[in-house]
Amino acid sequence: MPRSIVLLATPEGWRHSVLTEEGGKLCGRLADAAANTDPAEAQAAVAAMVVGRVHDFHEADVDVTWDPPREPGSWTDQVTVATTPPSA
249 MPRSIVLLAT
259 PEGWRHSVLT
269 EEGGKLCGRL
279 ADAAANTDPA
289 EAQAAVAAMV
299 VGRVHDFHEA
309 DVDVTWDPPR
319 EPGSWTDQVT
329 VATTPPSA
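330 is the number that my numbering gives to position 82 of the sequence shown; each next residue is one higher, with no gaps.
Fair warning: there could be bad hints in the mix.
[Unchecked claim] Each computed SDA-like pair below joins lysine to any residue, with the alpha-carbon atoms no more than 20 Å apart:
hint	residue 1	residue 2
1	K273	F305
2	K273	D311
3	K273	R263
4	K273	V312
5	K273	T324
6	K273	H306
7	K273	G300
8	K273	Q291
9	K273	M249
10	K273	T258
11	K273	V329
12	K273	R251
13	K273	T313
[To be verified] Label pairs and their computed distance ranges (CB to CB):
hint	residue 1	residue 2	range
14	M249	A282	27 to 35 Å
15	G271	M297	19 to 27 Å
16	E307	A282	31 to 39 Å
17	A282	T328	26 to 34 Å
18	N284	A308	30 to 38 Å
For the record, the hints were derived by calculation from the structure and aren't laboratory data. Using N, Cα and C, we set each Cβ at its ideal position, and we do this for glycine too.
Please model the complete structure; the sequences and the hints are all you need to start from.
Take a look at the structure:
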């Protein structure tokens, strides 16, 4: 289950790292977001990706809350579980 996302603006495009509760890290880039894409659009794209994957793999809903940027071109967020399905 993800716990946070790091989003970085690079000259080549937007990069992201998803940090998990278990201490893992999944890294990649936003294929459909050019380097000049607005930061809010890049945040929305990576948040949608994480929300979708959590739903697919964990059957849970999560909220993504972006922190204010600490440095230019870098954003972090917190991923929290909104709902989980009832046990069968």
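For each hint, the structure was consulted:
no.: 1; hint: K273 - F305; verdict: holds, 16 Å
no.: 2; hint: K273 - D311; verdict: holds, 19 Å
no.: 3; hint: K273 - R263; verdict: holds, 13 Å
no.: 4; hint: K273 - V312; verdict: holds, 17 Å
no.: 5; hint: K273 - T324; verdict: holds, 14 Å
no.: 6; hint: K273 - H306; verdict: holds, 17 Å
no.: 7; hint: K273 - G300; verdict: holds, 17 Å
no.: 8; hint: K273 - Q291; verdict: holds, 18 Å
no.: 9; hint: K273 - M249; verdict: holds, 11 Å
no.: 10; hint: K273 - T258; verdict: holds, 19 Å
no.: 11; hint: K273 - V329; verdict: holds, 18 Å
no.: 12; hint: K273 - R251; verdict: holds, 10 Å
no.: 13; hint: K273 - T313; verdict: holds, 19 Å
no.: 14; hint: M249 - A282: 27 to 35 Å; verdict: holds, 30 Å
no.: 15; hint: G271 - M297: 19 to 27 Å; verdict: holds, 21 Å
no.: 16; hint: E307 - A282: 31 to 39 Å; verdict: holds, 33 Å
no.: 17; hint: A282 - T328: 26 to 34 Å; verdict: holds, 30 Å
no.: 18; hint: N284 - A308: 30 to 38 Å; verdict: holds, 34 Å
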